[in-house]
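Number of protein chains: 2
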Amino acid sequence: MKKQTITIYDVARESGVSMATVSRVVNGNDNVKPETKEKVLAVIENLNYHPNAVARGLASKKTTTIGVIIPSVTNLFFSALALGIDDIASMYDYNIILTNSDGNEEKELKVLETLRSKQVDGIIYMGNKITEDFRSMLNNMRTPMVLAGSIDHENKIPSVNIDYKQAVFTQTCELINNGNKKISFISGSLDWPINKNYRLAGYKQALKKFGIEYDESLVISTKQDYKSGYLLSSKIKNSNISAAVVSDDELAAGVLNGVVDSGMRVPEDFEVATSNDTMITEFTRPTMSTISQPLYDMGAVSMRLLTKLMNDDVVDDNNVLLNFSLKKRNSTK
Amino acid sequence: MKKQTITIYDVARESGVSMATVSRVVNGNDNVKPETKEKVLAVIENLNYHPNAVARGLASKKTTTIGVIIPSVTNLFFSALALGIDDIASMYDYNIILTNSDGNEEKELKVLETLRSKQVDGIIYMGNKITEDFRSMLNNMRTPMVLAGSIDHENKIPSVNIDYKQAVFTQTCELINNGNKKISFISGSLDWPINKNYRLAGYKQALKKFGIEYDESLVISTKQDYKSGYLLSSKIKNSNISAAVVSDDELAAGVLNGVVDSGMRVPEDFEVATSNDTMITEFTRPTMSTISQPLYDMGAVSMRLLTKLMNDDVVDDNNVLLNFSLKKRNSTK
DNA sequence: TTGAAAGCGCTAACAT
DNA sequence: ATGTTAGCGCTTTCAA
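Those protein sequence lines, which keep their order, are chains A and B. Numbering of the first sequence is given in the numbering used here, commencing with residue 1 and proceeding in unit increments. Numbering of the second sequence is given in the numbering used here, commencing with residue 334 and proceeding in unit increments.
Mixed in with the good hints, there may be bad ones.
[As the list claims (entries may be wrong)] Each computed DSSO-like pair below joins lysine-lysine, with the alpha-carbon atoms no more than 30 Å apart:
| # | chain 1 | residue 1 | chain 2 | residue 2 |
| --- | --- | --- | --- | --- |
| 1 | A | LYS62 | B | LYS443 |
| 2 | B | LYS394 | B | LYS489 |
| 3 | B | LYS556 | B | LYS666 |
| 4 | A | LYS328 | B | LYS568 |
[Said to hold, decoys possible] Residues from chain A shown here face chain B by an in silico Cβ test under 7 Å; the list is partial:
| # | residue |
| --- | --- |
| 5 | VAL54 |
| 6 | ALA55 |
| 7 | ARG135 |
| 8 | LEU138 |
| 9 | ASN139 |
| 10 | ARG329 |
These are calculated hints, taken from the structure and not from any lab test. Predicted model, so just to flag it, every value in this text is computed and none were measured. All residues carry an ideal CB built from backbone N, CA and C; glycine is no exception.
Produce the complete structure using the sequences and hints provided.
Written as C-alpha cells, this is what we have:
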C-alpha cells in the first residue's frame with residue numbers, strides 16, 4: 001500500500017463542493033455558508049486531511065517562514081533576542097529557519113542564498129558586520145530584512161538596537177567618577193562597527209569629557225569568549241589599570257574571574273562593567289554591573305518591525321533605539 | 334514594472350535546451366554533456382537565475398528542511414545541542430525550522446502540526462515529556478523523529494542521550510564517599526521521566542548501595558531556574574543536608590550562590606554537584622563539579638541519526654548512549 | 001544525452 | 001455563496 005496523500009481535491013469531492021470552497025474553509029474565508037463549512041470541516045476530520053504549506057507557498061508566493069541568521073545559538077545575548085523573535089513570529093503565524101553563521105562572512109553569504117531559495121518572506125540578521133557582498137545580494141533579492149542587536153555601518157537596513165555609544169559613554173563616566181584614571185576598553189574585534197564606531201566611540205567621548213587622554217594601549221581587542229577574558233589577568237595585573245569596560249558578558253566573566261583568581265579584589269582593586277545583562281552577570285561572584293537592555297524585547301520588536309515591512313505597512317522609524325539603563329551590581333564601586 | 338521571476342523555463346529557452354536538462358544541471362546530475370552544462374551555467378549566471386526550493390519541494394516531496402522543537406533557545410544545555418544539530422544539518426544540506434515550545438505540551442502539539450504542514454523531512458525533539466497526544470500525532474504523520482537529550486518513557490522513539498541513571502548514580506556515590514550522609518536530590522519536575530525514572534533512580538540506587546535509607550524529604554522538586562535554586566538556601570541551611578545532586582546547571586548555580594550568600598562554605602559545609610557541564614559551571618565561584626557530557630555531539634549525533642532515518646538507511650542502534658564522565662571542580666571535596 | 005509532458009497541492013482571479 | 005480554471009516553478013517518468 002502506497003502512502004496516499006489526502007488533498008484538497010479529495011475533500012472537495014467527498015463533500016460535494018469545489019476545491020475553492022474547501023480552500024476558503026481551510027483559510028477561514030468568510031464567504032462560505034455555515035452549513036457548507038460544517039460539512040467540509042466534517043469531511044476534513046474524517047479524511048484526516050492536513051493542508052500542505054509547501055503547495056500553498058508555491059501558489060501564493062508566501063511561505064510564512066522567515067530566516068534568522070545568528071552567530072551562535074549558544075551565545076546568551078543573541079539567544080535571548082532569538083527567543084523574542086520566535087515568540088512574536090509564532091504570534092503572527094510565522095516560522096523561523098534558524099541558521100548559525102559562526103560569525104563567518106562566507107557562511108552568511110551561503111545562508112542568505114539558501115534563504116532566498118527557500119523563499120522566506122523576511123529575514124532577521126544578527127551578527128557583527130554586514131559585508132558588501134552580503135548587502136548587494138540582499139538588495140538583489142528584495143526580501144525585507146531587519147537587524148536585531150546588530151549594526152549596519154551604513155545605517156541603511158532597518159534595525160533594532162540600543163544606543164551603544166551613549167550606554168558605554170555613561171558607563172565609562174561612572175567609572176571615572178569612581179576615581180579610575182586608567183580604564184581599559186575590552187572588546188571583541190574592532191573590525192565590528194558596533195565596537196569601533198559605537199562602544200569605543202562612547203568610551204573615548206567619556207575620557208574627553210573628563211579631560212583624560214586617550215591611551216591606545218588600554219584598548220584591548222580579543223576573541224570574544226570567556227577564556228580570552230580570563231587570560232587577560234596577567235596583563236592587567238602588571239599594569240596600572242584599575243577598571244575595565246567590557247563589551248560582552250562572557251568575556252567580562254572571564255576578565256572578572258581571571259583577575260580575582262590572580263589575587264586582585266573586585267571591585268576594590270579592579271572594577272569591571274559589562275554590556276549585556278545576561279544571566280551570566282548574576283552567576284559570577286561578585287555579580288557584574290552592566291548596561292541593562294531589554295534583550296527579549298529587542299528581538300520581539302525587530303520581528304514586529306519585520307511583519308510591518310513584509311506587509312508594506314508604513315513604518316515611521318526604521319532604526320529603532322530601545323531604552324537602556326545602568327544596573328549597578330557588585331563588580332563596581 | 335512588475336517583479337519578474339526567472340524560472341527554469343526561462344533558462345531553458347535562453348540556452349536552447351529543455352527544462353529537464355536545466356534541472357539536471359542545477360541538481361548536478363551527471364547525464365549532461367559538458368558543453369551543454371557550461372552553456373546552461375552561463376545562462377543561469379546571465380539571467381541571475383535562482384532555484385525555487387518551494388517548487389522543488391512540492392514536486393519532489395522533499396523539503397530539505399527539518400523541524401527542531403526546543404524548550405527554549407536560551408537554555409544552555411539545549412542550545413548546545415541545537416548548535417550540534419545545525420552544524421550537521423547544514424553539512425547534509427538541511428535547514429532547520431526552530432521552534433521554542435516553552436515546555437508547553439499544547440504548544441508542542443501545535444508546533445508538530447505546523448511542522449507537518451510545512452512538510453519537514455524529519456524532526457528533532459528536545460523536551461521533557463512526550464505526551465500521548467503528541468505520540469499519536471507523530472505516528473499519524475510518518476515523519477522520522479529523534480530525541481536529543483530527551484527521554485521517551487516508552488523508549489520507542491529513536492534518541493541520543495547519556496546514561497543519566499548511571500551518571501547520577503556515580504555522582505551520588507562520590508558524594509557519599511566524601512562522607513555525606515544527608516544528600517539532597519534537587520531537580521525540576523518529577524513529572525519528567527528523565528528526572529523521575531533516571532536521575533532519581535540513580536540517586537536511590539547509590540543510597541541503596543551504601544545502605545543509606547531513602548528519605549523523601551531530601552528530594553526537592555522545583556522550577557528549573559536560577560532563582561528557584563537560590564531560594565532554596567534557607568531550607569538547606571535549616572537542615573542537616575550537607576550536599577546536593579542537582580539536575581540542571583542554572584538551578585545548581587542558584588543553589589550554590591544562595592548557599593554561599595547565606596554564609597555557608599562550599600565545599601567545606603556544603604557540596605554541590607551538577608549535571609550538564611555547560612559554561613555556567615566555570616562562571617561560578619567556586620566552579621561546579623559536574624557530570625560531563627558531549628553536548629554538541631549529542632546534537633550532532635542525533636542529527637546524523639535523523640539523516641539515516643530519512644534515507645531509510647539501516648540503523649543498528651536506535652537509542653544511542655554517549656559516554657559521560659565526572660568532572661571534578663571546586664564545589665565538591 | 002536530451003526532451004516532452006504530466007503532475008506536485010494549492011491559490012486566486014474570474015465567472016456565475 | 002460557490003465553481004472553473006489557469007497557473008505557481010519544479011521533478012520525474014518515459015520515450016527518443
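Q.
Hint validation: A/ARG329 versus chain B, beta carbon distance must be below 7 Å. Holds or violated?
A. Hint on A/ARG329: violated, closest Cβ of chain B at ~13 Å, above 7 Å.
Q | Interface hint outcome for A/VAL54 [beta carbon to chain B under 7 Å] | A | Holds. Min distance 5 Å.
**Q.** Agreement of B/LYS394 and B/LYS489 with the hint, judged by alpha carbon distance not exceeding 30 Å
**A.** holds (26 Å)
Q: Would you check the hint for B/LYS556 and B/LYS666, treating anything up to 30 Å between C-alpha atoms as holding?
A: holds (27 Å)
Q. Going straight from one Cα to the other, do A/LYS62 and B/LYS443 come out at no more than 30 Å?
A. holds (20 Å)
**Q.** A/ASN139 as chain B interface residue, shortest Cβ-Cβ below 7 Å
**A.** violated (12 Å)
Q.
Restraint: A/ALA55 near chain B, CB-CB cut 7 Å. Satisfied or not?
A. Holds - the Cβ of A/ALA55 comes within 7 Å of chain B, reaching about 5 Å at its closest.
Q.
Holds or violated: the hint that A/ARG135 contacts chain B, with Cβ atoms closer than 7 Å.
A. violated (16 Å)
Q. Taking the least C-beta to C-beta distance, is A/LEU138 closer than 7 Å to chain B?
A. Violated - the Cβ of A/LEU138 stays beyond 7 Å from chain B, reaching only about 13 Å at its closest.
(Q) For a C-alpha distance cap of 30 Å, please report whether A/LYS328 and B/LYS568 respect it. (A) holds (29 Å)
Of the numbered hints stated above, those contradicted by the structure are hints 7, 8, 9 and 10, listed in ascending order.
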